[in-house]
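S.K.: One letter stands for each residue in the lines below.
There are 2 protein chains.
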Amino acid sequence: MKKILLIVCDGMGDRLTDGRTPLEAAATPNMDYLAKEGICGIMDTVGTGIRPGSDTSHLSLFGYDPFQVYTGRGPFEAHGAGLDLACGDVAFRANFASLKDGIIVDRRAGRDEEGLDELAKALDGMVIDGVKVVFKRCKGHRAVIVFKGKDLSCAVSETDTDEVGVKPNKAAPLDSKAASKKTADVLNKFTEKARKILEESKENKSRVAKGKLPANVVLARGAGMEPDIESFEKKYGIKGACVSATSLIMGVCRAVGMDVIEIPGANGHVDSDIGKKANAAIDALKKYDFVFLHIKGTDEASHDGKFDAKKKMIERVDREVIAPILKKVDLANTTVVLTADHSTPLSLKQHSADPVPVAILGDVRTDDVTKYAERSCAKGGLCRICGRSLMGIMLDVSNRAKLFGA
Amino acid sequence: MKKILLIVCDGMGDRLTDGRTPLEAAATPNMDYLAKEGICGIMDTVGTGIRPGSDTSHLSLFGYDPFQVYTGRGPFEAHGAGLDLACGDVAFRANFASLKDGIIVDRRAGRDEEGLDELAKALDGMVIDGVKVVFKRCKGHRAVIVFKGKDLSCAVSETDTDEVGVKPNKAAPLDSKAASKKTADVLNKFTEKARKILEESKENKSRVAKGKLPANVVLARGAGMEPDIESFEKKYGIKGACVSATSLIMGVCRAVGMDVIEIPGANGHVDSDIGKKANAAIDALKKYDFVFLHIKGTDEASHDGKFDAKKKMIERVDREVIAPILKKVDLANTTVVLTADHSTPLSLKQHSADPVPVAILGDVRTDDVTKYAERSCAKGGLCRICGRSLMGIMLDVSNRAKLFGA
Numbered sequence: 012m013k014k015i016l017l018i019v020c021d022g023m024g025d026r027l028t029d030g031r032t033p034l035e036a037a038a039t040p041n042m043d044y045l046a047k048e049g050i051c052g053i054m055d056t057v058g059t060g061i062r063p064g065s066d067t068s069h070l071s072l073f074g075y076d077p078f079q080v081y082t083g084r085g086p087f088e089a090h091g092a093g094l095d096l097a098c099g100d101v102a103f104r105a106n107f108a109s110l111k112d113g114i115i116v117d118r119r120a121g122r123d124e125e126g127l128d129e130l131a132k133a134l135d136g137m138v139i140d141g142v143k144v145v146f147k148r149c150k151g152h153r154a155v156i157v158f159k160g161k162d163l164s165c166a167v168s169e170t171d172t173d174e175v176g177v178k179p180n181k182a183a184p185l186d187s188k189a190a191s192k193k194t195a196d197v198l199n200k201f202t203e204k205a206r207k208i209l210e211e212s213k214e215n216k217s218r219v220a221k222g223k224l225p226a227n228v229v230l231a232r233g234a235g236m237e238p239d240i241e242s243f244e245k246k247y248g249i250k251g252a253c254v255s256a257t258s259l260i261m262g263v264c265r266a267v268g269m270d271v272i273e274i275p276g277a278n279g280h281v282d283s284d285i286g287k288k289a290n291a292a293i294d295a296l297k298k299y300d301f302v303f304l305h306i307k308g309t310d311e312a313s314h315d316g317k318f319d320a321k322k323k324m325i326e327r328v329d330r331e332v333i334a335p336i337l338k339k340v341d342l343a344n345t346t347v348v349l350t351a352d353h354s355t356p357l358s359l360k361q362h363s364a365d366p367v368p369v370a371i372l373g374d375v376r377t378d379d380v381t382k383y384a385e386r387s388c389a390k391g392g393l394c395r396i397c398g399r400s401l402m403g404i405m406l407d408v409s410n411r412a413k414l415f416g417a
Numbered sequence: 012m013k014k015i016l017l018i019v020c021d022g023m024g025d026r027l028t029d030g031r032t033p034l035e036a037a038a039t040p041n042m043d044y045l046a047k048e049g050i051c052g053i054m055d056t057v058g059t060g061i062r063p064g065s066d067t068s069h070l071s072l073f074g075y076d077p078f079q080v081y082t083g084r085g086p087f088e089a090h091g092a093g094l095d096l097a098c099g100d101v102a103f104r105a106n107f108a109s110l111k112d113g114i115i116v117d118r119r120a121g122r123d124e125e126g127l128d129e130l131a132k133a134l135d136g137m138v139i140d141g142v143k144v145v146f147k148r149c150k151g152h153r154a155v156i157v158f159k160g161k162d163l164s165c166a167v168s169e170t171d172t173d174e175v176g177v178k179p180n181k182a183a184p185l186d187s188k189a190a191s192k193k194t195a196d197v198l199n200k201f202t203e204k205a206r207k208i209l210e211e212s213k214e215n216k217s218r219v220a221k222g223k224l225p226a227n228v229v230l231a232r233g234a235g236m237e238p239d240i241e242s243f244e245k246k247y248g249i250k251g252a253c254v255s256a257t258s259l260i261m262g263v264c265r266a267v268g269m270d271v272i273e274i275p276g277a278n279g280h281v282d283s284d285i286g287k288k289a290n291a292a293i294d295a296l297k298k299y300d301f302v303f304l305h306i307k308g309t310d311e312a313s314h315d316g317k318f319d320a321k322k323k324m325i326e327r328v329d330r331e332v333i334a335p336i337l338k339k340v341d342l343a344n345t346t347v348v349l350t351a352d353h354s355t356p357l358s359l360k361q362h363s364a365d366p367v368p369v370a371i372l373g374d375v376r377t378d379d380v381t382k383y384a385e386r387s388c389a390k391g392g393l394c395r396i397c398g399r400s401l402m403g404i405m406l407d408v409s410n411r412a413k414l415f416g417a
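So the protein lines, in turn, are chains A and B.
Under the numbering used here, the first residue of the first sequence is numbered 12, with each subsequent residue one higher.
Under the numbering used here, the first residue of the second sequence is numbered 12, with each subsequent residue one higher.
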C-alpha cells in the first residue's frame with residue numbers, strides 16, 4: 012500500500028492566449044517529469060461541460076457528488092472558520108456593511124476593521140424562534156452565520172444586495188416549504204436585531220466619531236445546508252490531511268473530516284510561501300496516508316487576467332513545490348498526483364468548464380506524454396476522466412481500493 | 012443485423028512489469044488483427060477507479076448496473092450450481108468444514124470429499140420458521156444455501172470465520188430491519204440443525220473411523236439477494252448463450268437468462284481445453300444471436316503472479332481461440348469483440364481498477380491501433396468507455412440497437 016499526495020493548483024487550466032496556454036508557455040521541468048514518468052489525461056472535475064466552483068470541484072476530487080451534498084457555500088465557509096456544524100444546520104456567508112437612512116452605502120463597511128471582533132461577539136449566541144444563531148467573524152469585513160435548530164432550509168433568498176444605494180433585501184422563502192418560510196423569518200429577525208445591537212454599540216459610536224463608516228448591518232448570502240456526509244476516513248479507510256491557505260478549501264476539507272494543517276506565511280496569493288507549504292505536505296506524509304496540497308496563487312493570477320503572472324506562478328510551483336516533492340518524497344511508496352480544480356482562462360478571468368490536465372506518478376501504465384499541459388495531457392493514457400473518479404484511481408494504483416464484488 | 016461474439020479473457024489486463032504488460036510482451040498476431048481491422052479503446056468495466064469482481068464486471072458487461080442488482084455473490088453461485096431462484100430469495104456460498112470441541116479445525120473438511128454428496132442431500136429441504144432451505148453441493152468442499160420465503164434480507168453477517176482455531180460466527184443482522192433479524196435467526200437455526208445432522212450421520216462416522224476429519228459444520232458467506240432482473244432476451248430482444256467453465260460466471264449468465272453451454276475438458280485453468288470452447292462458441296453462433304465466450308486461465312495465471320505463465324496463456328488464447336474464430340466465423344455477419352472483465356496485475360495478484368483493452372471488429376470506424384494491448388488500445392477510436400455501455404455499442408454496430416426518441 013502506498014501513500015497518496017494530491018497537489019491541486021487552483022484554476023491552473025486555461026485556454027489559448029496567442030496560441031498557447033500559460034502551462035504550455037511555462038518552463039516546468041519538474042511537472043514534465045511527472046508527465047513523462049507517469050500517466051496523463053484530462054479531467055472534468057465536476058462533469059463535462061459543467062463550470063465548477065472551487066468548493067464543488069474539491070468535493071468532487073475527494074469523491075463526493077456535489078449534486079448530492081452541495082447546496083451552497085455557507086457551510087464550507089463556516090467549517091473554514093473553524094465552526095462545528097451538525098447535519099441540517101444552515102449557514103450563510105455574511106458581510107459587515109454600512110447603512111445610512113436605511114440605504115446601503117458600503118457593502119464592506121469601508122473595509123475598516125475597527126471594533127469588528129467585539130461586534131461579532133455581540134451578535135453571537137442569539138436564540139430566535141428556537142433557532143440558535145452562531146456568528147463568527149472571518150477575515151476583514153467577512154463573517155459566517157450558522158442557524159442551528161430543527162426544520163431549517165437553505166431555500167431562502169439573500170439579504171445581500173450586491174449593490175449600494177438600495178435597501179438590504181428581505182429574505183424570502185424560495186419554495187413553499189414551511190422550513191424555508193421559518194428560516195427566512197429567522198434571518199429577517201436576526202438582521203433586524205443585529206441592526207439594533209450594531210447601531211447602539213459603543214464600537215460603532217467610536218467609528219462614527221472618527222469619521223468612519225459604521226458597521227451597522229449584516230448582509231447574508233450563500234445559504235447552504237450542512238450535508239449528511241460520510242467522512243473521508245470512513246469512506247476510504249484512510250486519514251487525510253489538508254495543506255491550504257484558503258478558508259473555503261480548508262472548510263471543504265474539514266467538512267469531509269480531514270485534518271487541516273495551517274502554515275504561517277502561506278496566504279493564498281501569488282507571493283505566498285508555497286515552499287513552506289510543500290515542506291509541510293512532505294512532512295505530513297510521515298503521519299498521514301493521504302495528503303492534499305492546495306496552491307491558490309495560480310487562480311489569483313488567472314482572475315487578474317495576467318498571462319505573465321500566471322506563467323510565473325506556475326514556474327514558482329514547479330520550482331518551489333514540485334521540485335522539493337520529487338526530491339524529498341519516498342516515490343517508491345507514494346502516489347503523486349498533480350492537477351487543478353478547474354480552469355480559469357485569462358480571457359474570462361473566471362472559472363470555465365474546460366477540463367484540467369492530470370498526471371499520476373506511481374504504479375501506472377505510462378504513456379507518450381512528456382509535457383505537463385492541457386493539450387499534451389489530452390493525448391495521455393488516462394484519456395478523459397471525471398473528477399469524482401480520481402479518488403478511486405488514486406486508491407487503486409496505491410493498492411488501497413476496496414473490491415466491489417467477488 | 013449481425014450476430015455478436017463477445018470474448019472475455021478474465022483478468023487479462025495488467026500493469027507494467029519491467030516496462031511492459033503481458034499483453035504487450037505476448038506474440039498475438041490474431042488479437043492484433045482484431046485491433047488493426049477493428050476499433051479499439053480502454054474500458055472501465057464497472058466504473059472508473061472501481062475495482063471490479065468478476066461477477067459485478069460481467070453484470071456490467073451484459074448491460075446491468077451492478078450497483079442496482081448486486082448485493083453479494085451468493086445468488087450467482089447458486090445459479091452457477093443450477094438452482095432456480097426467485098426474486099427475493101437469499102443465497103449464500105458455503106463450505107463443509109470440521110469442528111472439534113466447537114472449534115473450527117479445518118475450513119475445508121480436509122478437502123476430503125467422502126460422503127459429501129449424501130451429507131448435502133441430508134441438509135436439503137428443511138423448513139425453518141416458514142423459510143425453505145435449499146442446500147446443494149458444488150465442487151470439492153463447496154456448497155450453496157438458498158433461503159426461499161417472504162421478508163428475507165441479505166444484510167446478515169457471515170458464519171464463516173476465514174480462520175481456524177475459533178468458533179463459527181453467529182450470524183447477526185447488519186441493519187435494524189426485521190427481515191435481517193429473521194434471516195440471521197434462520198441461518199443460525201439452520202447451522203445448528205445441520206451440525207446435529209452432520210454429527211450423527213453415518214458418513215461422518217465412516218470418515219472419523221478412517222482417521223479423516225469430519226465434515227460436521229457448514230460455514231456460510233457471501234450473502235446476496237436474487238435481484239429483480241430483466242432478462243437479457245427481454246432487454247435486448249436477442250437470445251444469448253454462454254460458454255464458460257467457471258461456476259460464478261455461468262451463474263451470472265443464468266441469472267440474466269442466457270443458456271449455458273458446458274464443455275467437457277474446459278476447466279477454467281491454464282491447461283483448459285480452450286480450443287474446444289472456441290469451437291463451441293463458433294457452433295453456438297449458428298443457433299444464437301449473441302454468444303459470450305469466457306476464458307478463465309488468464310486470471311488464474313495473474314493470481315499466481317507469473318509473468319511467463321500469463322504471457323503463455325495469452326498466446327494460447329491467441330492461437331487456440333482467436334485464430335479459429337477469425338478463420339471459421341462468418342465475419343461479414345458477425346461483430347467480434349475481445350476484452351477482459353478486469354485487470355489482475357501480476358504485481359498485486361488480485362483485481363485492480365486499471366481499465367481493460369477492448370477491440371471491436373465489425374462495421375466500425377477503424378483507428379491507428381495495430382497491437383492489442385492496454386497502452387496501445389488507450390490511443391484507439393473508442394477512447395475510454397464504461398463497461399455498461401459495451402452492450403449498446405455491440406448492438407449498435409450489429410444494427411440491433413433500439414432507437415431512443417424519434
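If you are wondering where the hints come from, they were derived from the structure by calculation, not from laboratory data.
Careful, some of the hints might be misleading.
If several chains are the same, the list does not tell them apart, and a pair holds so long as it fits within one copy or across any two.
Using 25 Å as the maximum straight-line C-alpha spacing, the simulated DSS-like pairs for lysine-lysine come out as follows [said to hold, decoys possible]: (1) 382 <-> 47; (2) 317 <-> 159; (3) 360 <-> 13; (4) 390 <-> 47.
S.K.: Does each hint fit the structure? Answer for all of them.
M.R.: Each hint tested on the structure:
For a Cα distance limit of 25 Å, the shortest separation of residue 382 from residue 47 qualifies both inside one copy, at 7 Å, and across copies, at 22 Å. When the C-alpha separation of residue 317 and residue 159 is checked against a cutoff of 25 Å, the pair qualifies neither within a copy, at 43 Å, nor between copies, at 59 Å. In this assembly of identical chains, residue 360 and residue 13 lie within 25 Å of each other by CA distance solely across copies; the values are 16 Å between and 38 Å within a copy. For the identical chains of this complex, residue 390 and residue 47 are neighbours both inside a copy (12 Å) and across copies (16 Å), given an alpha-carbon limit of 25 Å.
Of the numbered hints listed earlier, the single one contradicted by the structure is hint 2.
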